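**Student:** Each chain is listed here by its residues.
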Amino acid sequence: MNATELRTSLPGKLVNILIWLFLAVACVFVVTPLLFMFSASFMPAIDIMKLPYPWVSDHIHWQNYWNALRGPDGSFIFLRNTLNSLIVALAVTVTTVILSSLSGYGLAKFRFKGRNAVFMLIMATMMIPFETIMIPLYMVTMKMGLQDSYAGLILPFLTNAFGVFLMRQFLLTFPDEVLDAARIDGASEPRIFTHIVLPNSGPAIATLAILTFRSQWDNLLWPLLVVQSDEMKTIPLYITRFMAETHSDEGIMMAVAAMASLPMFILFFTMSKYFISTEGLHSTIKG
Amino acid sequence: MRHNRRFSMEQKKARWGWIFVAPSLVFFVVFSFYPIFNAIYMSFFKKNLLSLRPPEFVGWGNYRYLFHSKTFWQSVSNTAIFTMGTFIPLVVFSLMLAVFIISRTKFQKSLQMTLYSPAALSSVVAALIWLLIFDPRGLANQALNILMRTSGVNYHWLSSSSMLRLSTIIVYFWKYVGYFTVVFVAGIGGIPDYLHEAALIDGANSWQDFWHITFPLLKPTTLLVSVMVMLQCLKTFSTQYLFSTSGAPTRPIDVITLSIYNTAIKDHNIGRASAMSVLLFLVMLILTWLQLKIARTEDVTYN
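Line by line, the protein sequences give chains A and B. Position one of the first sequence corresponds to residue 0 (numbering that gives the first Met the number 0), numbered consecutively onward. Position one of the second sequence corresponds to residue 0 (numbering that gives the first Met the number 0), numbered consecutively onward.
Just chain B, with the same shape it has in the complex (with noise of 0.2 Å):
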């Protein structure tokens, strides 16, 4: 009787783990899962965005037309100059700006802050103010005539192809450095103190302490952070939109997502935008993979 009792208690209580589970499932599956498994099947059709036709089979046509396309390699080349420019900046100075921070005595909680403040900006936003810095007449040319000291001379931010891809590298380091400085912050505060005592014991100065101790420590993070940065410039999509629409070159700036909105939006062509879709997800996806690979082997306990 008792056991039956019980037996039922566990009936109910697994019905209602169902039941609490349920809703965010069934958003899963129709917000996430169908999505993706229709993009891979679309990108098997032709289709117009526009027609009321019904998609026509083309097999792997969307994919050889891509491999073909001069427009679509610039896209990636275009992606991967972003995503290798921005992310080795972004981690190396961030690193540098938590450990200089922690080993700071005071200011500890105001310098993140400050560091960390352009992160609660919109990336719209970021990009109206620096699209007005990067002006020829504006902050940008100003300052790098006093750097340089050279007078008046106008060094092309917005129109260059190289200086334009450099000012968008920019303004993604400028809004995210603050974020991840704090991230590693946080991944160092979590190596315990006995170990940097230990180390001190035995005679170590502040720099083989950050070398042999900090360092190591922090590898699994800096991993983590490195791969979490390349996973979010492969989506980059507001400054690269907002500077080719308010009249910069569209070309050397035309990543990937760009892209593909613009194939499917501007163009319409439906197949293609889901193609260039699925390529980007593989992509990630074999990133996320190595990410979550890193998390479960270099797991560290400091113990």
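The following block holds chain A by itself, in its conformation from the complex (with noise of 0.2 Å):
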């Protein structure tokens, strides 16, 4: 837009300013939730609660994430439930990678009869949202005694219909030359896969990767279906645990939300560039 014309005019000014101040107003919005909760995992209960609300205190409270990981019964079962919710989230977005980059593949460089109505029929579960079949999925799942188990917390979630989108897009593009040149020097078709279309396709597989790893994290409605023993507890069924048992220490709370927030900030401060990747968010909007 026309920064200069801007800048120079006196109602251009104002109307600059006016814009750096709504700006202002919407970071000091969204960041306040995520100050208060680092602020108060550092601080005592009653300084907390105190009117107004102090910010800092006078001394380092870290006695808080010592109880966090502790727990209310000293079994530090939130690191079993971390440690879970790593398992869970790890391995369904490597099968995530594995089976959208597969068919995403085949769909993307192969002709074969029927090949469009495979795509349509797997575009179409993009329409079946999870929410509305989860009650079959259960009755499966204890029909086949997986529940309470990592089979069971993995087994819907192995791949997606946007992640076998997100890589038959990407793949698309493909140079064919340098599959066909493959083919010619005698490479098998897995190899060709295992050995040139995956190492070349890194942005798409950090992109996908990382949108299959970040909702696994914050999944909730199903490990609160199948998960029955605190053992197999993920981070968000821990939380949820967390409060219906000690309603009462405020900083202990801040300190499990700030630990268990961690894996995503780091996550989202290397790799930044992947969650806000223009591309993989405009094929989410055109899907």
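It is worth saying that the hints were derived from the structure and are not from the lab. A quick note: this is a predicted structure, and the numbers were derived from the prediction, not measured. All C-beta atoms, glycine included, are put in the ideal place defined by N, C-alpha and C. Be aware that a few hints might be false.
Listed next, the stretches of chain B that the computed footprint assigns to chain A, with coverage defined by at least 3 CB atoms under 8 Å from CB atoms of chain A [unchecked claim]:
(1) 19-27
(2) 129-138
(3) 244-257
Join the two chains, each given in its own frame, into one complex according to the hints.
**Tutor:** Structure representation (structure tokens):
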């Protein structure tokens, strides 16, 4: 937009200041709760409920983190639950990346009868939201005896239509000459896939992996249905239980929240270009 | 001979195509298509989650029950209030923020990063933070007291029904406003510079440029994002679940997914929960169809 014009005229200057003000207010609104979480996680509960909220305490109250790790009963179940979350999220990410790129490659680079039908069928599953099929999935999982197990947590999310779509769109632009050259050199199809296609799909795979990992890390509904024991709980379930049991110590609550969001924040600040990947998001809209 | 070899090559490739696609296809049939047909089927039966008795056919009984059930309509209206109350401010504010960010010559990236950061948080953590903020002694009351020039008034964020609904909307808005701002920035970035330049050469000021160039070209993105947000709001669960398990009254925030969950898991009524799932599915199907239609007919190529 015409920035010079904006800055020179008087009403332009005013508009400019108002826009900055608006953006600043938006940032304050967004950041305040995050700052509150970190600040409160280092405070004893009495300080958190002081009026007005003090923001910084006289001394750093590290005990909150220790108590959060230890848990209300001293069983350190939080660590086990974090491990569960990591196992499930990583497993789902790996299978999603493998299955989506396999079928995305098949749909993008091979001509076969029924290809369009298969593609439409897979895209149609985007219209079936998980919330509407969770009850039948739950019944099947129970029948197979998979409740309260990693298999039960992972199985319904092995891949997803968005992943297939993303990989297909990406691989459509993959140069055919490279693939044909490898075929002429006598490379087998699986080898072409693992040695040429996968290593050259980095950005698409990174975007897909991050989106998948995040949605699993965030998943509450399915674990809520399948998990029964405290040992098999994931972090979202740990937090819900924690809130129901120790509805008292706000400092420990915020320490739990801070630790639970740490992996996502690390991912976000190191890989932000894949979070804010315009192309990935663009294909989401177009999908 | 040559023709023959080529033919068999094509056939071999076709076979590999199937082999690559097969695992995902099997997965989608088993974990998407089977369950949705099963949900439709079960919605015509009476089935208790825990009993071993075979399901009993009741025809439209579950649907008839739902149409006469006050609780069901309550959850429909809760979902509608939440969806409308969330998606309008979300779309309006994220569009405004995106346009403002694009107009800045500095800090474009850091503004986007900052606004996006709550989206990196899990929704359970978001609900947890805001539960403390909405506490009677929490930041929400302190901030509102300063804004309204009152002192020590409790605005009952988690206890009065309309405030409780507003609270869940605020949590959701807070978490996703940056996310959709980034989506809009991507959409605006797709508008080629020469269109703006042409407008400015023709003597348009920046407001006219926005109103006549950016906005019309953004209409398809805006429509698509609106449907996306709506679909997402209809599925809201975590915030409401967490608020209600930590002591807030359930009735005003008993949205449809929470209601399905409770009907199946607490009341063990699989048939009725399936019927609710099917109704939710139909609403979302119509919206998705609308989304696809917009995507197809309004696909702008800027040329």
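**Student:** Now tell me if each hint is right for this structure.
**Tutor:** Hint-by-hint comparison with the structure:
As drawn, the region 19-27 of chain B meets chain A at 7 residues by the rule of a beta-carbon pair under 8 Å; at three or more, the given contact holds. Check result for the region 129-138 of chain B against chain A: holds, 8 residues qualifying (beta carbon to beta carbon below 8 Å, three or more required). A stretch counts as covered by a chain when three or more of its residues have a beta carbon under 8 Å from one of that chain; for the region 244-257 of chain B and chain A the count is 4, and the coverage holds.
Checked against the numbered hints given earlier, this structure breaks none of them.
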